[in-house]
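Chemist: Below are the chains, spelled out letter by letter.
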Amino acid sequence: MDKVSLVAMASIIGAGLAMGIGSIGPGLGMGQAIAQALAAIAQQPDERNSLTRTLFVGLAMIESIAIYCFVISMILIFANPFWSFIIK
Amino acid sequence: MEIVQLNQISPDQVIIWSWRFITLNVTILYTWLVMAILVGGSILVTRNLSSDINVSRWQHFLEVLVSVVRGEISEMTKKGADNFIPLIGTLFLFICTSNVLAVVPGYVAPTSSMTTTAALATCVFIAVPYYGISRNGILHYIKEYFQPTFIFFPFHVMGELSRTLALTVRLFGNIMSHEKVIGILLAVTPFLFPVVMQILGLLIGVIQAYIFAILSMVYIASALSTEDEGHVDGQKEGVTA
Chain D
0 MDKVSLVAMA SIIGAGLAMG IGSIGPGLGM GQAIAQALAA IAQQPDERNS
50 LTRTLFVGLA MIESIAIYCF VISMILIFAN PFWSFIIK
Chain Z
0 MEIVQLNQIS PDQVIIWSWR FITLNVTILY TWLVMAILVG GSILVTRNLS
50 SDINVSRWQH FLEVLVSVVR GEISEMTKKG ADNFIPLIGT LFLFICTSNV
100 LAVVPGYVAP TSSMTTTAAL ATCVFIAVPY YGISRNGILH YIKEYFQPTF
150 IFFPFHVMGE LSRTLALTVR LFGNIMSHEK VIGILLAVTP FLFPVVMQIL
200 GLLIGVIQAY IFAILSMVYI ASALSTEDEG HVDGQKEGVT A
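Residue numbers (numbering that gives the first Met the number 0), protein chains in the order written: chain D, 0 to 87; chain Z, 0 to 240.
Next up, chain D with everything else stripped away, as it sits in the complex (with noise of 0.2 Å):
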């Protein structure tokens, strides 16, 4: 197998892994966390816009695990840094 199909196969199966297992966690993280928003406005539904603000803001912080797989397997598959070194 010569070096390009093998740095081709190396990076799209890397992309495809990074993405499926990074998203694991912060699945599991926001579901967790709009479980237990849902039951805190539930009981007290006076708070809403404060547990909504909250809400928002932990959500983006746990998604922003997801987005750095995401950008990183987007790099693999279009800004490939290794791809300079083989095709001269």
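Don't read these hints as lab results, they were simulated from the structure.
A few of these clues could be false.
[As the list claims (entries may be wrong)] In silico contact screen, one side only, chain Z against chain D (beta carbon under 10 Å); selected entries: (1) 7; (2) 8; (3) 71; (4) 168; (5) 179; (6) 213; (7) 217.
[Claimed, not checked] Just a few of them, taken from the derived set where beta-carbon distance is under 10 Å, the chain Z residues facing chain D: (8) 113; (9) 169; (10) 172; (11) 173; (12) 207; (13) 214.
This one's a predicted model, so the numbers in the text were calculated from it and none came from an experiment.
We put the CB at the ideal spot given by N, CA and C, even for glycine.
With the hints as your guide, set chain Z onto chain D.
Modeler: Showing chain Z alone in chain D's frame:
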């Protein structure tokens, strides 16, 4: 006819016009468009403001917008909103406009390029010490980096840098991923499905603008609230992610 091809990761790579070392790419062009819409619209609306009973529709619109932003900010800081509303309101309006316009055909959201979002996050990165120093003084601000002991200094610096990176990548990743998803869906299942995804994209765009504004407000508030503890409830911890 797509302006940004599917194999290009950012609209920076599409160059419309270049003369010697000056290049004009799609990001800059559409940033100018959004700026022109915001500035021109504001000038047109505020040219004849009135305070009697008959108020024009657009003045109502702007009043609602400003009062909502002001209410959100003053609810978060528990202090006046007048210091922050120029920065936070501008960030929100710019990001929201540039995301929502993405349903217009031929338009590429400037927030789907990492340069735009990095510039916006840099504004927040500079604004945090600015507001912190102007409220508490420079000595107090620097002392905050060495709390509780001096060992924590590198962690505070790392936190500042990593949250700027997180602001950048979050907005960029969300908007760019949505454009790519719509592009792929157009190739796979045309007509109905991309429309549904574009409706979802409107929601995501507004939510991302809201999150960007709220997070920058949280960061600024965490630099302010050193004097009187408890005013900003629990927002000093966990703002680094």
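Chemist: Could you run down the list of hints and mark each one as holding or not?
Modeler: Verification of the hints:
1. 7: holds, 7 Å
2. 8: The hint holds - residue 8 of chain Z has a Cβ within 10 Å of chain D, the shortest such distance being about 4 Å.
3. 71: At about 8 Å, which falls below the 10 Å cut-off, the nearest Cβ of chain D leaves the hint on residue 71 of chain Z intact, so it holds.
4. 168: holds, 6 Å
5. 179: At 8 Å from the nearest chain D Cβ, residue 179 of chain Z passes the 10 Å test, so the hint holds.
6. 213: holds, 6 Å
7. 217: With a minimum Cβ separation of about 6 Å from chain D (threshold 10 Å), the hint on residue 217 of chain Z holds.
8. 113: holds, 9 Å
9. 169: holds, 5 Å
10. 172: At about 4 Å, which falls below the 10 Å cut-off, the nearest Cβ of chain D leaves the hint on residue 172 of chain Z intact, so it holds.
11. 173: Interface hint status for residue 173 of chain Z: holds (7 Å vs cutoff 10 Å).
12. 207: holds, 8 Å
13. 214: holds, 6 Å
Every hint from the earlier list agrees with this structure, and none is contradicted.
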